[in-house]
Amino acid sequence: MQEPDHLRAFLEDLQARLRGSARWRRDTIDDIRSHVIDALDGDDADAYRTPAGLVERFGEPSAVAADLNREARRARLRRDSHLIAAGLATLSAIVYASATLDTRSSPTAGDGLPALTLLERKGHRLQITTAPGEIQHVNGELLGLLTTK
Amino acid sequence: MLLLAAIASGATHGYAIAQTLHNASDGTVDLKDGTIYPALQRLERQGFVSSRWTEGDGRRRRTYSLTRSGRAALARQRDDWREFERAVGGVLALLH
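Protein chains in written order, with my numbering: chain A, 48 to 196; chain B, 3 to 98.
Simulated from the structure, these hints should not be mistaken for lab results.
Incorrect hints may appear among the rest.
Examples of chain A residues lying across from chain B (beta carbon under 8 Å, computed) [unchecked claim]:
#1 P51
#2 D52
#3 L58
#4 T75
#5 D77
#6 I84
#7 D85
#8 A86
#9 D93
#10 R104
#11 G106
#12 S109
#13 L115
#14 E118
#15 Y143
Quick caveat, the model's predicted, so the values are computed rather than measured.
Every residue gets a Cβ at the ideal spot worked out from N, C-alpha and C, and that includes glycine.
Produce the entire structure from the sequences given, and follow the hints as far as they go.
If you want it as structure tokens, here you go:
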């Protein structure tokens with residue numbers, strides 16, 4: 048179906064009010080365009096046929112954009128907090144592992160490894176190579192940092 | 003819960019979801035259609051809904067579906083609602 052002028056104007060107004068990534072804005076606008084085209088093809092054709100009807104049935108662009116922007120902001124905050132938490136966890140693991148490994152003496156896979164035992168008791172999953180003193184993984188991370196110890 | 007139920011019933015596109023809510027409630031659930039999109043995005047962020055894009059008739063369409071955790075959430079919420087409904091019904095029955 049050809050996109051009616053009032054739908055194009057509505058979507059342009061809405062898009063100008065959206066605050067988020069270009070991809071999110073494009074996806075959101077495409078989703079809403081598809082919604083209105085479905086409506087114009089279906090039972091709600093009359094309700095959606097005029098500019099006033101579109102706003103009445105779908106909502107004011109300003110109100111719709113405000114709700115969408117609020118949701119996008121929450122998603123960004125959640126994503127950012129996960130990144131910060133992951134960064135802090137990695138940093139903590141580096142600091143902890145460095146401090147622990149600095150205090151060990153001649154570690155080999157078979158002679159007790161008090162520092163590594165301590166790490167294991169702290170709930171870390173360790174994998175030790177056959178070469179003395181090398182650790183391949185701590186919780187599946189930090190490979191390059193720790194193998195140099 | 004209503005959005006999850008609408009999707010579970012087979013409505014997979016935004017307009018169909020809005021229509022399902024309206025029709026299945028005999029018009030009682032009469033939201034502005036635009037309000038479902040922030041809610042769908044939140045459900046997707048929470049992992050209850052997933053979506054994929056298809057192209058046809060010169061336009062992109064987003065298809066929504068429930069995830070496994072979405073189905074579990076719907077079952078939990080339905081049980082909670084029925085419990086609430088029974089509780090309120092029990093109190094209101096005192097009026098007869």
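Tested hints:
Because the beta carbon of A/P51 sits about 13 Å from the nearest beta carbon in chain B, more than 8 Å, this interface hint is broken. A distance limit of 8 Å between C-beta atoms decides the matter here; for A/D52 the minimum to chain B is near 17 Å, and the interface restraint is violated. Because the smallest distance between the Cβ of A/L58 and any Cβ of chain B comes to about 12 Å, over 8 Å, the interface hint for this residue is violated. Hint status for A/T75 relative to chain B: holds, with the closest Cβ pair at about 7 Å, below 8 Å.
Annotation: A/D77 was flagged as interfacial toward chain B, and the flag holds, the nearest CB pair being 5 Å apart, inside 8 Å. For the restraint placing A/I84 at the interface with chain B, the shortest Cβ-Cβ distance is roughly 7 Å, inside the 8 Å limit, so the hint holds. Among the interface hints, the one on A/D85 holds; its C-beta lies about 4 Å from the nearest C-beta in chain B, closer than the 8 Å criterion. Given the 8 Å rule on beta carbons, the hint for A/A86 holds: about 5 Å separates it from the nearest Cβ of chain B.
Against a cut-off of 8 Å between C-beta atoms, the interface hint on A/D93 is violated, since the closest Cβ of chain B lies about 14 Å away. Satisfaction of the interface hint for A/R104 is found here, the shortest Cβ-Cβ separation to chain B being roughly 6 Å, below the 8 Å cut-off. Of the supplied interface hints, the one on A/G106 holds, with its beta-carbon coming within about 3 Å of a beta-carbon of chain B, less than 8 Å. Below 8 Å, beta-carbon pairs count as interface contacts, and A/S109 has none with chain B, the closest being about 11 Å; its hint is therefore violated.
Nearest Cβ of chain B to the Cβ of A/L115: about 5 Å, under the 8 Å cut. The hint holds. With a cut of 8 Å, the hint placing A/E118 at the interface with chain B holds, because the nearest CB-to-CB distance is about 4 Å. Interface hint status for A/Y143: violated, as the beta-carbon distance to the closest one in chain B is roughly 31 Å, over 8 Å.
Consistency note: the structure conflicts with the earlier hints numbered 1, 2, 3, 9, 12, 15.
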